[in-house]
Amino acid sequence: MYPFTYHRPASLDDAKARLSASEDGRPLAGGMSLLPTMRFRLTSCADLVDLNGIEALAGIERGDGHVRIGAMTRHAAVVESPEVGEAIPALAALAGSIGDVQVRNRGTIGGSICFADPAADYPAGLLGLGATVNTDRRAIAADDFFTGLYETALEDGEIVVSVDFPVPARAGWAKFGNQASRFAVVAVMVSLSGGSVRLAVTGARSHVFRVPEMEQALAGDFSAEAMDGIAVSSEGLNEDLHADKDYRAHLIGVMAKRAVRDALAQ
Amino acid sequence: MERETISVTVNGRAYERAVEPRRLLSDFLREDLRLTGTHVGCEHGVCGSCTVMMDGVTARSCLTFAVMADGAEIETIEGLGSVEAMHPVQQAFWEKHGLQCGFCTPGMLMTAVELLKANPDPSVDDIRDAISGNLCRCTGYQTIVESIQYAAKLMREDGP
Ligand code: FES
Ligand code: FES
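Protein chains in written order, with the numbering used here: chain A, 1 to 266; chain B, 1 to 160.
Honestly, the hints are just simulated from the structure, not real lab data. As the structure is a prediction and not an experimental result, all values here were calculated from the model. C-beta atoms are modelled at their ideal positions from N, C-alpha and C, and glycine is treated no differently. One or more hints might be untrue.
Partial list, computed: chain B residues near chain A (C-beta under 10 Å) [stated by the list, open to error]:
1) Ala59
2) Asp121
3) Val124
4) Ala130
5) Val145
If you anchor each label on the Cβ, the simulated ranges turn out as follows [claimed, not checked]:
6) B:Arg17 to A:Ala180: 16 to 26 Å
7) A:Ala265 to B:Asp126: 53 to 63 Å
8) B:Gly102 to A:Ala141: 48 to 58 Å
9) A:Glu155 to B:Gln100: 19 to 29 Å
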């Protein structure tokens, strides 16, 4: 690993100041993805700004019609949160399906969405539930946040502060995880709110995406059968040693149906 | 690169050391403190052999910088029990052959301790789910699962 200077600010303002003072600074959240990539020398930075000391960034609040999750909230805290469990059980299920217990104890929602791994779970949660990302300077809709492979709409030095999830009438989560890593081969979050449907897929492309044909079918009839006959093209889907693109296309259909059934069961 | 001075409590004992920021907690424990009970298998967050407790919950010490543990309470396998006075989880692994080469064992034990704290009577599925982040290349997991079930029984009978 390349050396770096370590910063542990106690406030968001201090973190911002240290990031903007650095030519090559990077925030550190749980470290579950950043540390391995630094170890492999796939990434490096001059200044690492550790956000773990900023208490205000962690926590879960039930607001008016939404649940707000602080950027430094660990996955385990989302799994155990009564607010999330009651308002959006599918989100608690998503958090519980991430990695393993050691990862859930340390990994954070902010870290996951900023790293924007193509097979990460939270991006589907944000897009499928229509969440809003609050940063130190603006609010970004999930639809605009994920822009490419490990790419987000964040500017240099911009820090995610929290994520607001609107409480849906129903939502469901279904994941086909890799058996060893538990990263999503394909996973789907679907939600229904006031007649409109969002269905987001992770693991299948460079970054998370919605499937409009499925959403339209579900808006008329929110049932797994409503998607019968809708095939997702395998063009542009990921291929790796775990699954080729045709298999992933097939899995999108299967996981979408399971997600709808999960939503209906709640 | 400039060193940072950190204070860490490990198994109840306070240590103060100057470390390079890129020093992993696993290397800090093994090489700076000479607590070699914590094992390092993959060094990139896959095998779980480096699992320790950090402020009461398990963490992979190879995915944590030592500087991040400044002010934290760490528990390692050395703090669990001794040959004379084994922790029930150690007793159970010993009696039920929960290890062969022993490489994965420190991490398995720490993970099992965390599981049994939250769930004193886990099902086989609960156990398999809890140890899913810990790889074992010897046992085929069967005896590990049996050991954790037996440890749960010992702990229910004797209290923690
Ligand atoms: S050595 Fe840490 S997970 Fe393998
Ligand atoms: S006992 Fe050898 S790796 Fe588990």
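Violated hints, by number in ascending order, as checked against the structure: 2, 3, 5, 6, 7 and 9
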